[in-house]
Amino acid sequence: MADRLKVQGQTLVEMAVVLPILGLAIAAGIQLIVFCHNMITLQLMAANAVRQISAESPMVPPDSMSHLLWGQTLVVVPKSSRQTIQPWRPFWGKSTVQSPGCLVLVTMQTTLLPGPGFGRFLPLVRQAAAAETLFEPPRPSES
Amino acid sequence: MRGTLRSRKGQLLLPMLALIFLFGLFLAGFLKWCQAVYWQMRTNMVAEAVALSAGRAQAEMLNSLAILQGLENAFLQKVDLFGADVAHMQVELDKDFETTNQVLRSALRGFNGQTMAVAQAVARANGVKVPAIPSPKPDHHLEPQKVYVLYFAKLIPVWGAVYEKAYFLRKWSPGKACAQPDHEVTWGVKKQGAVGTATARLWLDLTPESVFDNGGFPGKDLPWVRQIGIQCFFPQFNARLVPTSKEKDAALRGLLAGL
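Chains as they are written, first to last, in our numbering: chain A, 1 to 143; chain B, 144 to 402.
Just so you know, these hints were derived from the structure itself, not from any lab. Glycine included, every Cβ here is placed at the ideal spot set by N, Cα and C. Be aware that one or more of the hints could be misleading.
Claimed, not checked - Derived DEER-like restraints, expressed as beta-carbon distance ranges:
no. : chain 1 : residue 1 : chain 2 : residue 2 : range
1   : B       : I210      : A       : T111      : 52 to 58 Å
2   : A       : D63       : B       : I163      : 48 to 54 Å
3   : A       : G117      : B       : I163      : 16 to 22 Å
4   : B       : L165      : A       : L12       : 22 to 28 Å
5   : A       : L122      : B       : F169      : 19 to 25 Å
What the hints assert, rightly or not - Here chain A is said to cover these stretches of chain B; the calculated rule only asks that three of the stretch's residues, wherever they fall, bring their Cβ under 8 Å from a Cβ of chain A:
no. : segment
6   : 173-180
7   : 299-311
8   : 339-352
9   : 382-396
Said to hold, decoys possible - Chain B side only, calculated, beta carbon under 8 Å to chain A, not exhaustive:
no. : residue
10  : L155
11  : L157
12  : S316
13  : Q379
So that you can see chain B by itself, here it is in the shape it has in the complex (with noise of 0.2 Å):
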């Protein structure tokens, strides 16, 4: 054994690229946790980039599909009439109302897809293959209302229908009239095997001293007076990062490392 470690050119040849060895495989493995925790921090910016992005689309939306509504109101007056919706329209104005109602359930149509589209634009722009996900499913928190319409040729009423989703209530907080979104989605990336979770919220821009503050939507169990119309005041709606909560974070991690 002396013999052979210990040659007549290099006694200490064999101990000394031991050692260098260890060195390296030290210095692989220091190399390889160096890049862990960069493509971790990298991966949780990705995913903090999608999950506000696509928090962002959904803000956008929200405010154009409260401005299209408060568009509507153009057409159809309403009002509450013992618990239901009853409205005037001139018979001339119907297409138009039409019109106005049909973008406005295409945009709503649109919702959810626009909102992984751009979620998946994020992260295919920072370098991300696998798709990211969503917990929970992204939605707009918005259902349709059914309005009976009273038809008028000038002063004269001419017939009357239900139109089935003439506008849209939110979902959130009802018989609060300065309510805030609850729309909050936990986004997770995975990016050279580090996954990364980051949520978004939705928040209304308004102070809720406001007088005219009713959640940027109409909403249920509100008084009389803001039922008047379709009320769409301020479409003013915001996204920003909040805590991720323990468990999404853990679902999240789970289901993409099987990915």
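So that you can see chain A by itself, here it is in the shape it has in the complex (with noise of 0.2 Å):
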């Protein structure tokens, strides 16, 4: 009897002590998890962003990835700037081609929001992503 008290006990104390810290601990862990899995989906994007924009249009591409994040996130904002490298042409002269090229800078930005039970407790989380790119005019026509 005394013997089966005492496991009774121990499951207890397991439960009351044990449990809660592990589910804590997991939970902790997920959390970090989701927050690097949007780290790097946002630093996907924004590389993705470059490599549209180096090759197609200086023109920061729509987003197309927004619902890979995981967890509560606000809408990712892609945030562009320009900047005109000086010198920047190779060739000088009055026919080549005058629209400079520049280095664009493509940023995408989101919140991880808190989350439900646990989670309601943790504060907003901004993460952001930047990747840069060499953007030329484009290509003259023929004629």
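Hints are included, so try docking the two chains, each in its own frame, into the full complex.
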């Protein structure tokens, strides 16, 4: 009888102490994974955006990967800034293309919101990833 | 079963260990995904670097070739007579012309090799072990032209001969004066299992309004005025990245996946 009580007591202690700690550790781990996953996804979005910019147009392409973010996040805000590099053109003269190329920096920003359950106590986490590329003026037409 | 799972010394040990194990598996899978995504991004960058470097190497060589070819005008003055190229050359300049022409031809022969060498050097510098693969094979897109040369000693004609590869015409955009080069090569690289592709295209840094723009090299089917001498105006070739077509991307990925 005493032995049985002892076993039940041990179960109670494990349930009351160890399980919450384990649950909390796993929840924290998952939060960390969500954070890392979203950072990588944002970096991937920025990389894809600059890849498209360098090959096609200086406009930041529309976002097509927001749905890949985990957790509750705000809408991804792409920001771009341009900087003309001096000297830019390797050739100079009257007939050369005069529109300068530029260094385009694309930053993808979002905010990871508190989640349900334990997560509601978590603070807002701002996340941003940036990538940059050289954008050259478009190829002249033929005639 | 209950007895084995719930020992007297730890009733929840096994379920907790199982939970930790599952979490560990998930974490390992997640890290693998992170690694794959980062390698893919890195490989894409390497492919872009390879494509752009190879394209710029091609542009640089075309610039040099156009300058060399333009120099031939100092030795050989050609005109187009009823569809045939006829040229005047002073006998004492024959050797100088031969030297310039040999340099031009050897530079042209080394065009593809130099492009490949630049691409592979950039790929290797970025840690790629498998050779970068181009599609299509890089080429200068120039073709040799023969010229009937009349040799003169001062004002007296001495003899005549056909010079087989006196200069080179551009194959691209026949009939167009302000032509843009059509050199476009897609490069595929493989690094850490990830395959990246990128395409670079050459362009001539010259506005179409320019009167003297002739596409960098003499072209086919142009007015006679454009065929006086060897016209290689504005050797200002450059390269830039362009979108990769889905077909080429799929073909290169398939090819590199097997390596």
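To see whether the hints hold, each was checked on the structure:
no.	hint	result
1	B:I210 - A:T111: 52 to 58 Å	holds (56 Å)
2	A:D63 - B:I163: 48 to 54 Å	violated (37 Å)
3	A:G117 - B:I163: 16 to 22 Å	holds (20 Å)
4	B:L165 - A:L12: 22 to 28 Å	holds (25 Å)
5	A:L122 - B:F169: 19 to 25 Å	holds (20 Å)
6	173-180	holds (count 3)
7	299-311	violated (count 0)
8	339-352	holds (count 10)
9	382-396	holds (count 5)
10	L155	holds (5 Å)
11	L157	violated (12 Å)
12	S316	holds (6 Å)
13	Q379	holds (4 Å)
Consistency note: the structure conflicts with the earlier hints numbered 2, 7, 11.
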